[in-house]
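Student: Sequence:
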Amino acid sequence: MITGITVWVITAQLRYGEISVSSLGELHSMLFGNVTVFLVSGVIAIGHGLISNQEFDFNSLKDKFRSFDFDDEKVEADRKVIKQKVV
Numbered sequence: 001m002i003t004g005i006t007v008w009v010i011t012a013q014l015r016y017g018e019i020s021v022s023s024l025g026e027l028h029s030m031l032f033g034n035v036t037v038f039l040v041s042g043v044i045a046i047g048h049g050l051i052s053n054q055e056f057d058f059n060s061l062k063d064k065f066r067s068f069d070f071d072d073e074k075v076e077a078d079r080k081v082i083k084q085k086v087v
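Note that this note's numbering numbers the sequence shown so that position 14 is 14, with each residue one more than the last.
Hint data in this document are derived by calculation from the structure and do not stem from the laboratory.
Built from N, CA and C at the ideal position, the CB exists for glycine as well.
Be aware that a few hints might be false.
[Claimed, not checked] Here are the computed distance ranges between Cβ atoms for each label pair:
1. Lys83 with Gly42: 49 to 57 angstroms
2. Ile5 with His48: 20 to 28 angstroms
3. Asp78 with Glu55: 35 to 43 angstroms
4. Phe38 with Val75: 41 to 49 angstroms
5. Gly25 with Asp78: 54 to 62 angstroms
6. Leu31 with Leu61: 33 to 41 angstroms
7. Arg15 with Ala45: 27 to 35 angstroms
8. Leu61 with Gly17: 51 to 59 angstroms
9. Val35 with Asp57: 33 to 41 angstroms
10. Asp78 with Ser41: 40 to 48 angstroms
11. Ser52 with Val9: 30 to 38 angstroms
12. Ile10 with Lys62: 48 to 56 angstroms
13. Lys62 with Val21: 51 to 59 angstroms
Let's have the full structure, built from the sequences with the hints guiding it.
Tutor: Next comes the structure, spelled out in structure tokens:
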């Protein structure tokens, strides 16, 4: 975030010759600041992930999340119950 604000203010100064509400609100100043924040955040996240080099056990997630897929047997049983109630 610090790099984004720094680039935002420096871009406003270099492109428009002053640091003011007007120059900080210009498209290029904000664009360069925001792009810098996204790029630096990505580099930090990817770099930290590669440096830490931790193994994650994805199998541990299998029991924690339920699938939203329907069980065919339950669906058929529900259809039979609905048909019986309609008839």
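Student: Determine which of the earlier numbered hints do not hold for this structure and return their numbers in increasing order.
Tutor: Failing hints: none at all.
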